[in-house]
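Asker: Each chain, written out:
There are 2 protein chains.
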Amino acid sequence: MNIQLTEKKEQIFRSTLQLVNAGGFHGSPMSKIAKEAEVAVGSIYHYFPSKDDLIIELYWYCKEIINKHIFLEEQDNLPYDQRFRAVWKNVVLFYQDHEDLFSFMEQFYGSPFYEDIRKNVFQHKCERNKIFHFLEQGLEEKHLKDLHVRILLAAYLGPAISLVRSSLYEKTKIEESQLDQLVDIIWNGVKK
Amino acid sequence: MNIQLTEKKEQIFRSTLQLVNAGGFHGSPMSKIAKEAEVAVGSIYHYFPSKDDLIIELYWYCKEIINKHIFLEEQDNLPYDQRFRAVWKNVVLFYQDHEDLFSFMEQFYGSPFYEDIRKNVFQHKCERNKIFHFLEQGLEEKHLKDLHVRILLAAYLGPAISLVRSSLYEKTKIEESQLDQLVDIIWNGVKK
DNA sequence: TTCTGTCAATTGAATGTTCATTCGGTTGCA
DNA sequence: TGCAACCGAATGAACATTCAATTGACAGAA
Numbered sequence: 004m005n006i007q008l009t010e011k012k013e014q015i016f017r018s019t020l021q022l023v024n025a026g027g028f029h030g031s032p033m034s035k036i037a038k039e040a041e042v043a044v045g046s047i048y049h050y051f052p053s054k055d056d057l058i059i060e061l062y063w064y065c066k067e068i069i070n071k072h073i074f075l076e077e078q079d080n081l082p083y084d085q086r087f088r089a090v091w092k093n094v095v096l097f098y099q100d101h102e103d104l105f106s107f108m109e110q111f112y113g114s115p116f117y118e119d120i121r122k123n124v125f126q127h128k129c130e131r132n133k134i135f136h137f138l139e140q141g142l143e144e145k146h147l148k149d150l151h152v153r154i155l156l157a158a159y160l161g162p163a164i165s166l167v168r169s170s171l172y173e174k175t176k177i178e179e180s181q182l183d184q185l186v187d188i189i190w191n192g193v194k195k
Numbered sequence: 004m005n006i007q008l009t010e011k012k013e014q015i016f017r018s019t020l021q022l023v024n025a026g027g028f029h030g031s032p033m034s035k036i037a038k039e040a041e042v043a044v045g046s047i048y049h050y051f052p053s054k055d056d057l058i059i060e061l062y063w064y065c066k067e068i069i070n071k072h073i074f075l076e077e078q079d080n081l082p083y084d085q086r087f088r089a090v091w092k093n094v095v096l097f098y099q100d101h102e103d104l105f106s107f108m109e110q111f112y113g114s115p116f117y118e119d120i121r122k123n124v125f126q127h128k129c130e131r132n133k134i135f136h137f138l139e140q141g142l143e144e145k146h147l148k149d150l151h152v153r154i155l156l157a158a159y160l161g162p163a164i165s166l167v168r169s170s171l172y173e174k175t176k177i178e179e180s181q182l183d184q185l186v187d188i189i190w191n192g193v194k195k
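Those sequence lines, one after another, are chains F and V.
Just add 3 to wherever you are in the first sequence, counting from 1, and you've got the working numbering.
Just add 3 to wherever you are in the second sequence, counting from 1, and you've got the working numbering.
Keep in mind the hints are simulated off the structure, nothing from the lab.
Just so you know, not all the hints are guaranteed correct.
Any copy will do: because identical chains look the same in the list, a pair fits if it lies in one copy or spans two.
With a straight-line Cα cutoff of 25 Å, these simulated DSS-like cross-link-like pairs (lysine-lysine) come out [unchecked claim]:
no.	residue 1	residue 2
1	LYS176	LYS122
2	LYS122	LYS174
3	LYS176	LYS148
4	LYS122	LYS11
5	LYS148	LYS92
6	LYS174	LYS133
7	LYS195	LYS122
8	LYS66	LYS92
9	LYS194	LYS12
10	LYS195	LYS54
11	LYS194	LYS92
12	LYS174	LYS38
13	LYS35	LYS54
14	LYS195	LYS148
Just so you know, these numbers come straight off a predicted model, no measurement behind them.
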């Protein structure tokens, strides 16, 4: 039964991701979400109290998926510099292959929904996410230059996100060798 | 008369920027835009054929302002490396001081509006903007490593945008010294 | 096994609200 | 007098949400 529930929810999530990617939050009325997910409008309200709740739950759902794909267990024990590169490449490759997820997250972060999430201090602390910790760890273990984490985060993720954006805009995936070039630049810039 | 027209338009633009920043495209109905701009709803339609047109014109308007503030005449003749740093810092400082503009552009780029703009090949070419050219120039003049412009763009602008985002989220401006650190890292990473 | 009561899951038409857009009329300037 | 700028109530479409009705699964009684 609980599995059923999850499946239906995921069906709705997937439909929403697809629509938001294609037409923004604008172009995603409940009626379309329902049709795409092959459920009745009313059913969505069986799972989510409101559209806003649906969106916010979808955010947490995406976040979980992303983290799962970025921090791979088999890479947990690599030396820091190799892990630094691996995680970074995971980010780019995952987003490149999951356009709708990327597009949703981008829009979400720019929307007032996210404002609400950040306001909640407790969640905010949970929210300081794995990448943040990963960089802090690099600082503590003296792998990274002694910079403010904020700066490290910008230097690490900023280029990745820009790259994914340009890849999606131009509908051309980025060559692996180019990824290596860029992550090398970043690593050389922030390594101790 | 033409000046009048521009003034009214700007009033509407400013109002829209403010609302979009506060509540996203969602939370910006024409009625609110009108009230905030202190004009009647109908008047907006005197200047713009539709809400979509308003948004798209606003995009071009923002783009112009941004370019004006990023490429300062008095810095045009600096040696490339200094100009590289100056332009980059202009980006961060300008966006930091113009939250609503930044927020609008971010949301616009993630929206289907921008898709339409990119589709139009002619505009697309105009669109390849000044920063793009600036980096190409750096390549031609052998100041920069021989990387794909796409990679350079990601390495240059990505961190800037990330930084601004975090600055706006945390409502804390970034210290000038931190900016210098970051732009140094970038420059060292891409310089020949 | 068959029947029955229960409740969650599901449906989509109906409701009320919000919104973009229109338009008939007013103002003010040339 | 004419015309552009301006107004905001009126219109109709799109939308989120509700709800009364239907289905389906299943536990326990016969």
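Asker: Please go over all the hints and tell whether each is borne out by the structure.
Answerer: Right, here's what the structure says about each hint:
no. : hint            : in the structure
1   : LYS176 / LYS122 : between (36 Å within a copy, 18 Å between copies)
2   : LYS122 / LYS174 : between (36 Å within a copy, 12 Å between copies)
3   : LYS176 / LYS148 : between (31 Å within a copy, 22 Å between copies)
4   : LYS122 / LYS11  : neither (30 Å within a copy, 35 Å between copies)
5   : LYS148 / LYS92  : both (21 Å within a copy, 21 Å between copies)
6   : LYS174 / LYS133 : between (29 Å within a copy, 22 Å between copies)
7   : LYS195 / LYS122 : neither (34 Å within a copy, 44 Å between copies)
8   : LYS66 / LYS92   : within (17 Å within a copy, 31 Å between copies)
9   : LYS194 / LYS12  : neither (43 Å within a copy, 49 Å between copies)
10  : LYS195 / LYS54  : neither (47 Å within a copy, 51 Å between copies)
11  : LYS194 / LYS92  : both (17 Å within a copy, 23 Å between copies)
12  : LYS174 / LYS38  : neither (27 Å within a copy, 41 Å between copies)
13  : LYS35 / LYS54   : both (12 Å within a copy, 22 Å between copies)
14  : LYS195 / LYS148 : both (4 Å within a copy, 22 Å between copies)
When held up to the earlier numbered hints, the structure conflicts with 4, 7, 9, 10, 12 and fits the remainder.
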